[in-house]
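Peer 1: Sequence lines, in order, name chains A and B. If you read the first sequence in our numbering, its first letter stands for residue -14, the second for the next number, and so on. If you read the second sequence in our numbering, its first letter stands for residue 1033, the second for the next number, and so on.
I should point out that these hints are in silico values taken from the structure, not numbers from a laboratory. All C-beta atoms in this analysis are idealised placements derived from N, C-alpha and C, irrespective of residue type, glycine included. Treat the hints loosely; a few may be bogus.
Stated by the list, open to error - The following label-pair restraints were derived from C-beta to C-beta distances:
#: 1; chain 1: B; residue 1: E1224; chain 2: A; residue 2: I124; range: 46 to 52 Å
#: 2; chain 1: B; residue 1: H1160; chain 2: A; residue 2: A179; range: 27 to 33 Å
#: 3; chain 1: B; residue 1: T1091; chain 2: A; residue 2: T150; range: 50 to 56 Å
#: 4; chain 1: B; residue 1: S1214; chain 2: A; residue 2: Y(-9); range: 55 to 61 Å
#: 5; chain 1: B; residue 1: P1141; chain 2: A; residue 2: Y125; range: 25 to 31 Å
#: 6; chain 1: A; residue 1: Q215; chain 2: B; residue 2: S1058; range: 37 to 43 Å
Claimed, not checked - Covered stretches of chain A, going by a simulated chain B footprint (3 or more residues, C-beta under 8 Å):
#: 7; segment: 106 to 116
#: 8; segment: 177 to 190
#: 9; segment: 207 to 216
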Amino acid sequence: MSHLVYRKERVDRGIKVRSDDIFILASLRDLSYATLPKTLAIVILLLFPLLKDLVGTYWESVLVTTIVISLLALSWDLLASAGLVSLGQALFFGVGSYLTGWLSRTFALTPIMSIPLATLVGALLTTLILYPVLRLRGIYFGLITFALPLLLSRVIEVTKILGGTEGLNKIPPLPNLTTELYILIVVLLVCIYAYRRLITSDYGLVLQAVRDNDRAVMAAGFDIQRLKAQAVFLAALPATFAGAFLTHHFQVVGMQSFALDYSILPLTSVIVGGAGTFFGSVLGAFIMIPLSEFLREFASLRVVIYSLLLLIFAIGLPEGIFHFIRRRYQQFERMTALEGESDKRGK
Amino acid sequence: MANEPILRIVGLTKSFGGEKAADNISFELVPGQALGIIGPNGSGKSTLINLITGFVKPTAGQIFFKGKNITGIAPHKAVDLGITRSFQMSRPFYNLPVFKNLIIPLSSPRARRSRGGKYGDRDETAIHLLEEVGFERDSQVPYKDAGALPHGYLKRLELARCLSLEPEMLILDELFSGMSMSEIASVIPLLEKIKEDGCTLVMVEHRLTELFRIIDKVIVLNFGQKIAEGKPSDVMKQEAVMKAYLGSEVVESA
């Protein structure tokens, strides 16, 4: 028996098996196992704006950027669930930004009016812009979305509409940083909740089916062009909101709203955090954005280190940090004998 | 008017480049009839199905369903009218439980219109449908991932998917392919029942013996052309059909 071969085996924690079922309510231990991670994250998030004196306004404004990118990443994740891989989240962001800027300048709307209006109209507008290219699949759709924000910013530059290269300034501000943060946090939480509900509903199942086998969905009697358009609209909402919100935060909107950053940063967040769960993409943003702020100390080496870290994450944990953490939380690894145990396992 | 054709095809032609995958095909089908479409590989059987169901747009000719011109209709609209098809390569959603696979067609506009039902009710309907096509309810199989299903069950799942849409005309693309004799034997009564319930069947098949037990009428295709039409027993005696299937030399020497 001395030459037994061992291999690693992954086993669900008993508490996970139980909490997958109705028995979750049986004990406080099970209950906390299932709800603690979420509750903890929400509580920390909600407390953060109150710690202004402790963390300083600088990190509070980093949180603003983080949540904005989180919203763009969430939007990306929903699009990807329907098989639409976007490389141009800046399109939604920029359209939302410019709309709210134009609305508040032209009609003298307050942010309470212009942000929701820009969110809705912006989502509608981007859906219309993307409608003709929805039949493209995979990389072709991605390339078009990549090009569109760059195209729109050039159009603004050349035609000098919407302030041209100088943009629109003197856009009405939001009350104060704490209020801003709470609005953002609530929107973020509502968005995660709504998306997770959506994707597990029958409708969400159909959206995911479009990604996996669109012919089968057509054969089931769905207009997939329409489904994809609906997915774009639903996914555009948090992204156009993010654009509109940040415009009022900075009180100015310019061509940089269509900048590559707003396409790339959500993408890196999803790569690091892991796609498909919505939690993952948000977690990714909460890691990558503060990280890039830390890296400011390294000046021009910042991009190098950032890229290297991204590379390490992408190769080391291709499933994403969230999936990794969740698995660690739900399962443990142990060694199990490979030989001599075969008759036992054969049962 | 009772015998007005449910499907009428007039001069249907589809060319891919210079190749004619369907060449001036015409036929009619009476409601409740079962039609078999046979022919050698590459004779245009699947193209014909794709044309009827709107997955491929014809170059020329017309298709009428219940008197309505449906030439070049969008696939989802064809389903909405009651034309349902299966795929030769059944590709289910492997990472979903078997019964969840049926939630997708069950939440389609057509199924919602005829069955109603809210989120959750559909699960029960799905299990029902699976029972109908021969899944045992208590076996836990409906709750397993579709990826774990053996081939025969995948075909049944494909059939359940079609039935969930309550078709008026059901088009089956090589349902029997890859099934064992006993699996086919167990599916045949089901097909007969579908036919009894008044559903018009169109079957593309290579397994002729089994096919002829179900169908009333057969069409033989070769190089995109209809070379024969009629009762299965009569058609197979025709020289053109034997040539197409066996090659001309064999027929001449026989």
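Peer 1: Please go over all the hints and tell whether each is borne out by the structure.
Peer 2: For each hint, the structure was consulted:
no., hint, verdict
1, B:E1224 <-> A:I124: 46 to 52 Å, "holds, 47 Å"
2, B:H1160 <-> A:A179: 27 to 33 Å, "holds, 31 Å"
3, B:T1091 <-> A:T150: 50 to 56 Å, "holds, 52 Å"
4, B:S1214 <-> A:Y(-9): 55 to 61 Å, "violated, 43 Å"
5, B:P1141 <-> A:Y125: 25 to 31 Å, "holds, 28 Å"
6, A:Q215 <-> B:S1058: 37 to 43 Å, "holds, 40 Å"
7, 106 to 116, "violated (count 0)"
8, 177 to 190, "holds (count 4)"
9, 207 to 216, "holds (count 3)"
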